[in-house]
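Q: Residue numbers (the working numbering), protein chains in the order written: chain V, 32 to 289; chain G, 88 to 260.
FYI, nobody ran anything at the bench for these hints, they're computed from the structure. Nothing false has been slipped in among the hints.
Derived CB-CB ranges, DEER-like:
(1) G:His130 with V:Ala172: 25 to 31 Å
(2) V:Asp258 with G:Gln94: 42 to 48 Å
(3) G:Ser114 with V:Arg185: 42 to 48 Å
(4) V:Ile165 with G:Gly227: 28 to 34 Å
(5) V:Arg287 with G:Leu155: 37 to 43 Å
(6) G:His130 with V:Ile165: 27 to 33 Å
(7) V:Ala105 with G:Lys242: 47 to 53 Å
(8) V:Arg106 with G:His93: 16 to 22 Å
(9) G:Arg157 with V:Asn259: 35 to 41 Å
(10) G:Arg157 with V:Glu53: 43 to 49 Å
(11) G:His130 with V:Arg175: 31 to 37 Å
(12) V:Glu272 with G:Gln94: 19 to 25 Å
Chain V stretches covered by chain G per the calculated footprint, using a threshold of three residues with CB under 8 Å from any CB of chain G:
(13) 35 to 49
(14) 74 to 84
(15) 88 to 98
Note that this is a predicted model, so its numbers are computed, not measured. Ideal Cβ placement from N, Cα and C applies to all residues, glycine included.
Each chain is listed here by its residues.
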Amino acid sequence: MTSRPITEEDLHGYVDSVLAPERQVEVSAYIDAHPEVGFRVAAYSRQRTMLRAALAPIAEEPLPPELDLARMIARRGRPRQTPWWAAAAAVVLLCAGGAGGWSLRGFNHSAGEGVVAIAQEAAQNFAVYGSDHIRPVELRATDRAELVDWTTQRLGRPVGVPDLSASGYRFMGGRIVATAHGPAAMFMYDDDRGSRLVMLARPMKADQNAPMTPHADGPVNGFAWADNGLGYSLVGPAAAETLHPIANEVRRQLSRQI
Amino acid sequence: MQDMLHQIEPLIPALRRYARTLLRDRSAADDLVQDCLERAVGHWSQRKDSNARAWIFTILHNLAMTRLRRTSTRPRHIDIDDAQEASFAQAPSQEDGLRYRELLQALDRLPEEQRTVLLLATVEGLSYAETAGVLDIPLGTVMSRLSRARERLLKEMDGQQRVTPVAHLRSVK
Numbered sequence: 032m033t034s035r036p037i038t039e040e041d042l043h044g045y046v047d048s049v050l051a052p053e054r055q056v057e058v059s060a061y062i063d064a065h066p067e068v069g070f071r072v073a074a075y076s077r078q079r080t081m082l083r084a085a086l087a088p089i090a091e092e093p094l095p096p097e098l099d100l101a102r103m104i105a106r107r108g109r110p111r112q113t114p115w116w117a118a119a120a121a122v123v124l125l126c127a128g129g130a131g132g133w134s135l136r137g138f139n140h141s142a143g144e145g146v147v148a149i150a151q152e153a154a155q156n157f158a159v160y161g162s163d164h165i166r167p168v169e170l171r172a173t174d175r176a177e178l179v180d181w182t183t184q185r186l187g188r189p190v191g192v193p194d195l196s197a198s199g200y201r202f203m204g205g206r207i208v209a210t211a212h213g214p215a216a217m218f219m220y221d222d223d224r225g226s227r228l229v230m231l232a233r234p235m236k237a238d239q240n241a242p243m244t245p246h247a248d249g250p251v252n253g254f255a256w257a258d259n260g261l262g263y264s265l266v267g268p269a270a271a272e273t274l275h276p277i278a279n280e281v282r283r284q285l286s287r288q289i
Numbered sequence: 088m089q090d091m092l093h094q095i096e097p098l099i100p101a102l103r104r105y106a107r108t109l110l111r112d113r114s115a116a117d118d119l120v121q122d123c124l125e126r127a128v129g130h131w132s133q134r135k136d137s138n139a140r141a142w143i144f145t146i147l148h149n150l151a152m153t154r155l156r157r158t159s160t161r162p163r164h165i166d167i168d169d170a171q172e173a174s175f176a177q178a179p180s181q182e183d184g185l186r187y188r189e190l191l192q193a194l195d196r197l198p199e200e201q202r203t204v205l206l207l208a209t210v211e212g213l214s215y216a217e218t219a220g221v222l223d224i225p226l227g228t229v230m231s232r233l234s235r236a237r238e239r240l241l242k243e244m245d246g247q248q249r250v251t252p253v254a255h256l257r258s259v260k
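Taking the hints into account, I'd like the entire structure generated from these sequences.
A: Laid out in structure tokens, this is it:
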């Protein structure tokens, strides 16, 4: 026979019935000629059958009402009530964000200054601290006053702590982090599913004032902007259209505090 | 969203099974599936993966891993035996029930990386390539983990009960 040699992968493929029909025949012939391999393959097959049988009853249970997908879709599709001013602001910022997004093309190639840089720094810090389950923040939400003192001292000016509870995110706390442009304040939030958001803020040399600018790094989205010499970026694994209104809300709250 | 309902709804029983086998807790697993479905509804229109099954299993698997990492430092509040009694459904007969129970306990003792491959590839019927995609590992790693999982499970079961050799390998499907 001039067929390709039989591999371990073929044996597993045979057990799981995923081989091409010709190959299935070849493996079958091989097994007939090599009983010790056949014995092992038969044992794998029995194991597979048993495992499927043992776990099948779970998939046969009636679904509980909270797993009603049609209802979830219907709920999501229902338009939420939005105040007129928020809608108007969203339109303005969407345009600004779109223009900013265009100006961010080639994002990865430029070393970056201004909001491009802070966007990148926020994404990097999210990558490091957003996935940290031991000590994501240095000072917890309960030490808020201390955290504000610390960041004010290191940044040379106060940074407000936005309240995102209306968007379903709790303030976890924060820390001072290093960036190529000096110290930055990092505040972290999470929702009841453990999904995290990071807000980074630091004084800006370039782009003292900049419109809301979207950025993305794989599944992680962000929005960066600058007001009165302080640059901000809000970053998280949420979809851009989910994150955008939260970034708007952060900006609204912080501009009120200044 | 009608296409989502058609493509995802039939997969919910399998998602529950995968989640429950990993978390070993019925209500925690259903919470996880609910979370997974909510996310899927929110991201359906932006998904790049045309393979809905691999896509939804990826979301569920990542949620399960996040949850397991978060709880692994705390002691599990349910004993494995109790969990299997409560969380896994009744077996058709007593004899089968005993063997299933032994098998599931052996499955529980597998390293997590082998258990996930074995469950996706054999129980949930994902292709090896889909399994590699869901777990974000190379195909070769899927094969070696599958191979190790099967060998180890055989040894574990063999230690408890000698299997009688089968004469007719042709009957294997």
